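Same order as they appear, the protein sequences are chains W and U.
Anchor point for the first sequence: position 339 equals 339 in this note's numbering, and the numbering is continuous, going up by one each time.
Anchor point for the second sequence: position 40 equals 40 in this note's numbering, and the numbering is continuous, going up by one each time.
Honestly, the hints are just simulated from the structure, not real lab data.
Remember, predicted model here, so these are calculated numbers, not experimental data.
Any given hint could turn out to be false.
Said to hold, decoys possible - With a cut-off of at most 30 Å between alpha-carbon atoms, the simulated DSS-like pairs for lysine-lysine come out as follows: (1) Lys29/W <-> Lys586/W; (2) Lys134/U <-> Lys586/W; (3) Lys274/W <-> Lys123/U; (4) Lys122/U <-> Lys285/W; (5) Lys201/W <-> Lys484/W; (6) Lys424/W <-> Lys502/W; (7) Lys539/W <-> Lys123/U.
Stated by the list, open to error - Residues from chain U that keep clear of chain W, each with C-beta distances beyond 10 Å, as calculated: (8) Ser19; (9) Ile118; (10) Ser156; (11) Tyr173; (12) Ser182; (13) Ser243.
Glycine included, each C-beta is placed from N, C-alpha and C at the ideal position.
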Amino acid sequence: MKKYILLFLWLFSGTIIFAQNKTINGTIKSASSGELLIGVQVSVLEAAQASTTTNAYGFFSLSIPVWKDSLHLLVSMEGFQNDTIYLDKNFPREYNIVLVESSRELQEVVVTAKKTTKDIWAASKLSTDEISSVPVIFGEKDILKTLQLLPGIKSAGDGNSGFYVRGGGADQNLILLDEAPIYNATHLLGFFSTFNSDAIKDVNVYKGNMPAQYGGRLSSVLDLRTNDGNATKTQLSGGIGIISSRLNLEGPIVKDKGAFSIHARRTYADLFLKLSKDSSVNRNKLNFYDLNAKANYQLGEKNRLYLSAYNGRDNLGFGDNFGLDWGNTVLSFRWNHIYNSSLFSNTSLLYSYYDYLVRIQSGNNDIDVGSSIRDFSLRNEWQWHVNNNNKLNFGFSTIRHDIAPGSVQTNENSSFNTQILEKKKSLESALWVSHDWKMSNSWQLVYGARLSMFNVLGPGTFYQYDTNGDETDSSVFASGKIAKTYLNVEPRIALSYQRPNKDFVRFSYSRNTQNLHLLSNSTAANPTDVWVPSSLNIKPEIGDQLALGYFGELSNGVFEYSSEVYYRWMQNQIDYKNGAEIIANKDVESELLYGKGRAYGWENYFKKKKGRLTGWISYTLSRTERRLDGVNSGNWYPARQDRTHEVSVVAMYQLSPKWMLSGTWVYYTGNAVTFPSGKYVVGEILVNYYSERNGYRMPAYHRLDFGATLQGKKTSKYESSWTFSLFNVYGRENATA
Amino acid sequence: MLLALMSCQKIIHVDLRQSESLLVIDADMSDVHGLNVQLSKSVNFYDENDFPPVNNAIVVLQNLKTNRIDTLKFEKDGLYYLRRKPTVGTSYKLFVTVDTTTYTAISTMPEVTVPDSITFVKKYSFGDNIITTKVNFQDKAGVDNYYLFKQYILKSDKVSFYPFSDRLSDGRYIQYDLRNDSAYIQEGDSIAINMQCIDKNVYTYFSVLENISADETGFGSASPANPPTNIVGKALGIFNVHSDYTKTLRVPNKVPVE
Chain W
1 MKKYILLFLW LFSGTIIFAQ NKTINGTIKS ASSGELLIGV QVSVLEAAQA STTTNAYGFF
61 SLSIPVWKDS LHLLVSMEGF QNDTIYLDKN FPREYNIVLV ESSRELQEVV VTAKKTTKDI
121 WAASKLSTDE ISSVPVIFGE KDILKTLQLL PGIKSAGDGN SGFYVRGGGA DQNLILLDEA
181 PIYNATHLLG FFSTFNSDAI KDVNVYKGNM PAQYGGRLSS VLDLRTNDGN ATKTQLSGGI
241 GIISSRLNLE GPIVKDKGAF SIHARRTYAD LFLKLSKDSS VNRNKLNFYD LNAKANYQLG
301 EKNRLYLSAY NGRDNLGFGD NFGLDWGNTV LSFRWNHIYN SSLFSNTSLL YSYYDYLVRI
361 QSGNNDIDVG SSIRDFSLRN EWQWHVNNNN KLNFGFSTIR HDIAPGSVQT NENSSFNTQI
421 LEKKKSLESA LWVSHDWKMS NSWQLVYGAR LSMFNVLGPG TFYQYDTNGD ETDSSVFASG
481 KIAKTYLNVE PRIALSYQRP NKDFVRFSYS RNTQNLHLLS NSTAANPTDV WVPSSLNIKP
541 EIGDQLALGY FGELSNGVFE YSSEVYYRWM QNQIDYKNGA EIIANKDVES ELLYGKGRAY
601 GWENYFKKKK GRLTGWISYT LSRTERRLDG VNSGNWYPAR QDRTHEVSVV AMYQLSPKWM
661 LSGTWVYYTG NAVTFPSGKY VVGEILVNYY SERNGYRMPA YHRLDFGATL QGKKTSKYES
721 SWTFSLFNVY GRENATA
Chain U
1 MLLALMSCQK IIHVDLRQSE SLLVIDADMS DVHGLNVQLS KSVNFYDEND FPPVNNAIVV
61 LQNLKTNRID TLKFEKDGLY YLRRKPTVGT SYKLFVTVDT TTYTAISTMP EVTVPDSITF
121 VKKYSFGDNI ITTKVNFQDK AGVDNYYLFK QYILKSDKVS FYPFSDRLSD GRYIQYDLRN
181 DSAYIQEGDS IAINMQCIDK NVYTYFSVLE NISADETGFG SASPANPPTN IVGKALGIFN
241 VHSDYTKTLR VPNKVPVE
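With the rest of the complex left out, here is chain U (with noise of 0.2 Å):
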């Protein structure tokens, strides 16, 4: 028997039909900065990076225990934003108006987990030792608690998003990997981790999100399909109304490793 194998990877162009270009509501509401609300509009895939704002709307937030309504300020390049931040347990309704069409969406301010440490291992991987981060918290019993966490790498602008949900770790005190598929942090390197505690609708649009996250070919998994989203009326986005904590770290010299 004699066999010689080779594989190999190489990028197919595959002509796209063209998209309706769509409103798309990326609106943020934390602990920490209050509510900006972004608005554009989808683009082809194969065109340009470029997604043009909608300036012509009216954003109005509810808060749905106090009933109080809030207009949100214009700001530039479809930017609104409104300096009010939620309180635990509080759920408010998005109002985006525009031309004659109105989109809801509402989401809920999730208790907040802070974590308690970060740190940093080098993780054996496939014949390579990648260095990964690992948030460690403790997580609240006898609730559903979903987290967002966000890593950026200054250097390269580089951003992963990880949601994680502790339907099988209630209660745990949580070390969590911010997994990484190649080595894109190195010893030295300065990073911004994000933690998010976020509801059970976001978490599920993230999830669905990170299965199919756009890669270098833009195909990332079998059967894609746009991620299920709070927002009612055909528009894309998620409203995100969450817990917001940062830090900026400088990845030590001798990373241990696991």
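Chain W on its own, in the form it takes in the complex (with noise of 0.2 Å):
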């Protein structure tokens, strides 16, 4: 290992001190709830530059120069107080680290260490504290409505969960949850999110621009991790609310050696639908519900394992008529295994399932229509502390997709057919390597790359259609038969200059890759949405995307900023032609029109983090376009998500200890929309005659809401708290087409 060592130092670097170090290791942790903490910094107080960060473990590695007999290590991190270990002349090698929570209060005083890492691809990141204080429709704080007041991140709509990130289609974005996909982040038809707050430990965003162990969507990456449970002591924890309910328990399995949680949340307006006497109010439906729950367990000093599973399910219907019913199952099994003090491992088993089911009871047609997408996938990623200046992530992943395209179940009166479309399988595999380098006290550049490789699998018969959508071609595989390969490489770039001050310029170029495709009748997702993967007829989609931003603090760390610029081109996007049936039709490829996009923009992100009143402005300009071959002439056309202006202003006031006061106003550009510009009559119809497409725009779109937390007495065994939201405070009577 030595010798590798030494060659990847000469390697990366010609100008590293051979100094003599000492490579330490160890996880840091919450002193309340014993989770394991992710993004603490340590660093050595008499060397500024031996400095690194916990991983989405709680995991770090660090050489210490010994020049000295005595050092400090200093850990720290936003809402915990510091803690300094002192490092005498042999000092171990590994460390298990407790942090303890600063209150509130105490958090105004305590002048937290200065960021000298921080992560060089992530976009801005919100705390779930500050998920928890933003309003939002319901009272149910949601994560991913949260998002999307940051710059560059654009809701879909009034209750909708989806969302567009610099340009890109709301399918464009991977959405992990304990690294296993998610395929529908919805609830209540886009109302809430399927993330519980009170489940989810961290999260990161990444704007398109993302490390090469990421890949599979071009826009976004929003990688949550969730609780792993109190491994100190157990205990209940919950909240009732007029439209949903918690309930959650965590503890210890073995005190300090593993724990485990459970997280249970259940809607129930129906409940009071059922209370009425009008039986076309009280016989339908309109639930869901989300279930949490993790495990995991520390085998010996070097291995953990963590067992997560999510199930939800959303049950919406009228009457008997008409049923509609989603849900996302998830599995991950995880080992984290440290082979030494500069080398971590974590090899994960992840499943992932969707499905939705529409049933339909009209007189002699009882139709059921269904489709769904399973994957298995197993993933294997390393990280290597070289040194202090350079740190390595290599790894590989490969998923297995199966998706049912569609299928259409009746019975024998029926006017419609049994028909099952066939599966479609394939393959998704990556290798990546990715190089943090640490050049100098100012220069970082992370360079990387990702090699990814799809196979379309037999069975099946595969068609490949011209451009009119007519067959032209159709070949037989057998079962396990490779159809078709797509190869791409994507390289990932990253390089930063860091200031005197700190503040830094950051540039980034990164291509990705996608090759799961979602084929939708609207442009916001919904739970009848499609999946199709790449194809003999469908290419993978590609994304390119440069970005160049600054990066500072002001007064010590209570404003912090960022301006940031970026252009996106994205090819083989898909769109289809006019009257596509996209419900169980086995030509729906022959239906499709394939095109190019790009996306530009100015992100600006101005944020108040300490103080009794805290909270962040965002503004983005941007624009963001398409072009499809037999649409608008062919020219370049405004993608209806294409918003020139986009204002989010988010205030929260601590009025006293009980009381927390906050407010949200948003703002953005109508959505480009088409209009008539003309009419006539066919066959005693009026029709309406379009000129262009997306040539007008609906009205802007604001909106304030209001939002308060009382927070009840606190004893040692019973906590409350109660929320008060207003939605739309000024009653604004916002467009939607």
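With the hints as a guide, bring both chains together as one complex.
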């Protein structure tokens, strides 16, 4: 191993001084809950360049230059009191550090150590505290809704958890829950997201420029990690609301060795409907539930196992005539292994399933229409701390996708035939390597590449179509045979220059590819949208993004600001022809159109992080366009989600130790829409005539929300809070189309 | 947690751009009426529904099987006609020449299917019992069939249209619901039902039209576009060669609940 380290040192940096270094490693936990902490900074007080942060599993490696007999390790994270650990001459290699949470009042006084390292890729980060303070509809705090208040992340509209990042589509966001993909992150047709805030420990967002270990979607990565559970004591907590209730149970499996957590949430809006005497109301169904469960266990000093599960389902029904239910199930099993103080690995086995079922009962017709997607995957990631200036991340992943694109089940008297489309099978694999190189005190370069491979697998009949959508060829492939392989190299580069005042400038370039595509009858994500894999006709979507940004802090960390410009271009974007039949159509690929997209913008963010008043202002100026053959005479046109100006203002004010007030104001240019410019008559029908695609604008959207939280009496056993929220305070009648 | 939700519908006025006035060819050939071609011009969206007729055209029909050519007679107000009925399986080509420009379109007469019966049921939908007309017929197996239904409510002059394809119903006995989104039909009303067998291109045209069809606000679908027509040349409209079955009925006084 030593030989290789030397080789890398020689390869990556000619200027490293071969001082005597000793590499230490360890984990950092919260004192109150025993949760492993992500993103904690660990540095050597006497040597500023020796600094690192804990990874997604609370693990860190740090090389300590041994040039003095006594050194100090400084451990700091916002929301926690700093810890200083004295290192004597023969300091050990392994550390299990516990950080004590600072109370809210204390937080204002404590001056946290200035950050010296920052995730070079990540966009602005929100703490779970901030998420719980932002007012949202029905008082149900929601991570996805709150993220949409950040620059570059656009909401798909009222009551819709779908979102667009930097001009990408709603299907171009990779949403990971403990590493497993979530295919539909919405509940109740978009009023809620599938993420129970109580269960979420950490959220990371990457807006197009992402590290090499992520891939598969063009626009963004939303990486959510759930709570491990309290490893020190068992506790039960919950919340009761008008719309939903939550119950959480967590505790140690073996004290300080392992813990479990269970988070359950159930809405019951329809229980009130049942109270109605009107049979047209009380027969309706409108509910969902979420269940998150997780367990972890430490096996010796070197191994830790995690098992997490999520299951959520929506149930919608109008009388006996119509029912729609959909849901996700994900499972992830992960194994952390520490090979030595500088080499960490994680191996994951993941399962993800999404399906929907529409039931229509109408006279002679009992029809069930459904579709599903199922993934099995294996992922292996290595983090090698070569030294404080050189870190390597490499690994591979492989996902087996099984898509049931559509089925129609009917009874024998039905007007419809039972029809089950062939399953579509594919294998999506990737190899990646990334080198994080601190070139000097000011320059940091992270570069790497991801080799992605997509195999379209048999069994199945594969059709090819010409541009008119007429079948030109068909071929049959047996089970396990490869019908088509797509290979792509995705370079990922981020270069940052840190100024003496710790502000920094960042340049980044990323290429991403996407092999699963959502065919949607509307522009926002719907439960009944159909996922299709790349095929003989559908090529992988490719996105390239360049970004340049300036990130800084003011007044010793009270304020934080950033300003970033980006340009993105996208190839093989998919739309469909007029009159396309999406549901249960074996020839759906003959109904597609392919084109290009481009998006550019300027994102600004100013945040006050400390004091009684906290919050942020974000402003984005942007443009998003598409070009498709046969649409708008082949000219560029604004995409529906093109919004020239977008502003959000979020303010939270701690009125008293008991009362917390909050307010949110959003404003954005109306969506681009197509309106008719003429009309005519055909066969007694009045027909609109459209002259250009998305040539008009909806009126601007703006809305003010208020929220207030009252903290009840706190005893050692019992704690309560009341959340009041007022949505659309001045009653703006926002138009939707 | 407190909540108060309100929603409302308000019609907004958008300033629309002027559009080019285009030729509209509404060509309809059936086994009942022969060929009627109505020529007019499109108007701006906010104009009155007053469509200027085009009276200076030469309209010609070619039978693509026999190559027989007929010139249509001009009646009045942009209407041209030919008392010739289509033959099943035959394609027809229409030529419309206005000034020096010629527009063409091809449509094929499909096999004929007529309904066995037309019945009525009350359907429960969002708290309302809505009277729905059912057209009952046997779909021919092994071929792609396309249908267009029209429902006329005689007292209110309301016309609804329903394109239907047997893509998911090949060979089935079909009980097709002519759905209404509101209680337009009352017991005792007189209605007329029209059933047409149409070709694929005509079906696609009406199917897109159904998605974008003008409601009171004029804005039906999220991303509307002009329906793909079988007319070659910069003109609007469709050439539809079809079978024609029409029946006038009175809705009975006791419609069963489904």
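Right, here's what the structure says about each hint:
1. Lys29/W <-> Lys586/W: Judged against 30 Å, a Cα distance of about 52 Å means the pair is violated.
2. Lys134/U <-> Lys586/W: Between Lys134/U and Lys586/W the Cα gap is close to 28 Å, so the pair holds against 30 Å.
3. Lys274/W <-> Lys123/U: With Cα atoms ~22 Å apart, Lys274/W and Lys123/U stay inside 30 Å; holds.
4. Lys122/U <-> Lys285/W: With a Cα-Cα distance of about 22 Å, the restraint between Lys122/U and Lys285/W holds, given a limit of 30 Å.
5. Lys201/W <-> Lys484/W: 40 Å, violated
6. Lys424/W <-> Lys502/W: 51 Å, violated
7. Lys539/W <-> Lys123/U: Answer violated: Lys539/W to Lys123/U is near 45 Å, above 30 Å.
8. Ser19: 4 Å, violated
9. Ile118: 14 Å, holds
10. Ser156: Label holds. Min Cβ-Cβ 14 Å, cutoff 10 Å.
11. Tyr173: 7 Å, violated
12. Ser182: 15 Å, holds
13. Ser243: Given a closest Cβ separation of 15 Å, the condition holds.
The structure is inconsistent with the numbered hints 1, 5, 6, 7, 8, 11, although it conforms to all the rest.
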